[in-house]
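The opening position of the sequence shown corresponds to residue 5 in the working numbering, with each subsequent residue numbered one higher.
For the record, the hints were derived by calculation from the structure and aren't laboratory data.
You can take every hint at face value.
Here are the simulated DSS-like cross-link-like pairs (lysine-lysine), alpha carbons at most 30 Å apart as the crow flies:
1) K322 <-> K287
2) K320 <-> K291
3) K395 <-> K418
4) K291 <-> K322
5) K320 <-> K429
6) K364 <-> K334
7) K364 <-> K320
8) K438 <-> K395
9) K295 <-> K438
Label-pair distances were calculated between CB atoms; the ranges are:
10) R265 <-> T118: 49 to 59 Å
11) T412 <-> D360: 48 to 58 Å
12) S378 <-> A53: 52 to 62 Å
13) R380 <-> E154: 55 to 65 Å
This one's a predicted model, so the numbers in the text were calculated from it and none came from an experiment.
Just so it is clear, CB atoms sit at the ideal spot from N, CA and C, and this is done for glycine as well.
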Amino acid sequence: MNIIKKTTIIIYLLLVIIMAAATVVGKYHGNNYAIEFIYGTWWFTLLWAVLAALSIAFIIRSKMKRWMLITIHASMLIILLGALLTHLFSTQGEIHIKENETTAKYVTSINGATEEHDLPFALRLNRFNIIYHESSDAHADYESHITIIEANEKHDAVVSMNSIYNRNGIRLYQMGYDRDGKGTTLSMNIDRWGIPVTYTGYALLFISLIGMLADPKGTFRKLLRSPLFKKTVVMVTLVLLCCDITAQTTVPRQQADHFGRLYVLYNGRICKMESMAIDITRKLYGKNHYKEFTPEQVMLGFIFYSDEWSRQPVIKIKSSKLREALNLDKYETPDIVMGHRAIRQYIEDYYNGNRDDLSKEAYLLDEKIQVLVSLRSGKILSAFPITDSGKTTWYCPTDNSILSNDTTQVNFIKNSFNVMYAAAKTGDWEHFDKTLAAIYHYQKNNGGEALPSKTQVGAERIYNAVPVPTILFMANITLGLLSLGVFIIGYAKRGKKSIKTIYRILFSLMTVSFLLLSVYLSLRWIISGNIPMSNGYETTLVLAWFILLTGIITYRHFHIIMSFSMILSGFFLLVSHISLMDPKIGNIMPVLNSPLLSIHVSVIMMAYALLSITFICGVTVMILKMCIKDRTVLNTLVDRLTLLSRLFLYPSITALGLGIFTGAIWANISWGIYWS
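Put together the whole structure using the sequences plus the hints.
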């Protein structure tokens with residue numbers, strides 16, 4: 005028995021090490037290389053087979069009687085069997101075809117060599133369409149309109165992202181397209197045995213994980229019946245590490261605010277100028293404002309007073325290494341940055357293939373320079389829509405390709421900003437406002453259905469007005485640390501009404517924080533039309549949201565969870581605040597536009613939130629053991645924190661399993677393989 009157990013552990017650890025190494029190999033040599041020389045080798049398959057056999061032997065020898073544990077292990081074995089069937093009997097290939105052409109061939113690639121094979125039917129490409137988001141050049145979907153010809157039958161079908169076509173077990177996926185838009189590349193997958201077996205394993209795993217939580221005889225339900233669960237857990241302590249130049253010229257705030265209400269095509273969607281100004285200011289300066297100036301004033305300053313604003317230290321250089329290498333300050337002027345020869349050299353090195361740290365940082369700095377170049381040239385100001393045959397195109401004032409036979413309309417587009425420039429130079433703000441009103445009126449008349457609804461506009465103004473994550477990260481961390489002090493005092497003065505009152509106040513503030521974050525995420529949802537889980541910034545916010553929700557739900561049994569929830573959510577909001585992630589709202593990529601992805605991300609975020617609390621419990625126990633000498637007090641606290649950690653561990657592992665394998669199904673539906 006011990007030999008089987010030890011051998012199983014050794015094989016298991018060996019597989020973990022190999023897969024970790026394969027991940028690194030795949031990063032530097034490509035996934036295909038890792039598949040060919042590691043994942044697809046006979047010895048890798050053999051290791052899994054040995055592990056499966058040893059696991060079966062161990063389960064039988066240990067006489068496991070709990071059905072939920074048996075079915076969880078059985079589901080893993082079925083998933084492995086499905087993977088083996090896919091490896092042995094599946095076929096993957098590509099079909100490249102031009103419009104109005106017909107083919108009955110697909111191509112496979114093995115060890116770098118391509119082979120052509122016959123399809124059991126002919127395939128004709130009628131047309132390929134790129135679907136765009138309304139009045140935007142951002143791609144919403146890719147569609148291949150095909151006709152399947154088999155014997156005397158013809159069948160029309162559409163293959164698009166997240167919408168596969170299945171013909172007798174032969175699945176076609178949208179994979180790529182030709183640059184001229186006249187051809188498409190479809191991924192072809194035949195896996196008649198592996199997919200049903202694998203999905204059966206997934207289904208059994210999902211049922212077993214949920215059953216593990218519901219099982220009256222299971223460990224999780226026993227923990228819920230623990231006498232400690234009905235007592236208030238007390239926490240003792242938790243140590244936490246613990247020259248300006250004013251711009252002389254700009255547009256007055258009132259006119260800048262009016263300018264911010266205009267519409268513009270930015271980041272692939274129609275939004276208010278206000279949103280673009282905030283994003284540009286944040287990208288340049290790292291904050292939503294520059295000194296006492298609003299984002300709209302900053303943007304208009306560079307449009308109408310370029311020379312003066314080019315001498316403002318408005319470009320933030322985050323990399324200390326780059327600052328030291330180039331002898332620059334943390335905040336520099338556009339004139340200095342754009343005229344620095346060494347910066348240009350680093351940027352050229354980056355584009356020539358040099359990817360060292362300094363070149364990468366110079367490339368990121370160049371992105372800020374390009375924003376200013378686009379702003380000065382007016383190319384970024386796509387504020388003038390022209391609707392023709394139901395299609396709306398947005399133009400900037402300097403666009404030379406305006407498609408309109410209306411000379412008056414073309415002149416208005418080209419001259420409106422010149423009129424505002426002249427009014428700004430002479431201080432004729434009344435004329436400036438009249439021109440803004442004329443542009444707004446033009447947008448309303450010519451914007452078609454592309455303009456956001458009143459609800460979206462209102463949501464975006466509220467969203468831009470209140471920096472909720474910035475406020476909450478400071479408030480949550482502060483309140484979390486304060487609540488720790490309250491628990492320390494509460495431990496000494498248990499039962500005092502004043503302490504209970506403070507508990508209620510802190511819980512109310514945590515609830516307010518949760519509601520504010522909920523509103524903030526809802527506003528992003530309304531503005532974009534997508535569930536706010538499409539990028540790193542949004543998922544960080546959702547993770548903080550789940551942590552607060554967990555604290556609210558479990559507070560009645562574990563008051564200490566309030567401290568953990570507030571501190572952890574505050575730190576996640578801090579991560580989103582310090583510019584590690586891009587908060588701008590944009591259209592979602594076609595491949596990500598799937599309900600399965602939303603489920604995958606949300607469930608994974610829930611798992612991470614619960615696991616982060618178990619982590620804090622573990623760290624707290626280590627600190628308590630160093631700080632408390634009274635063994636009785638220490639054992640009581642450790643027992644209760646252990647109970648809390650185990651209570652969160654079971655649902656977190658369940659959510660992690662559900663989330664990972666839901667993501668695998670999404671990947672298989674999207675591009676024909678479970679994970680890249």
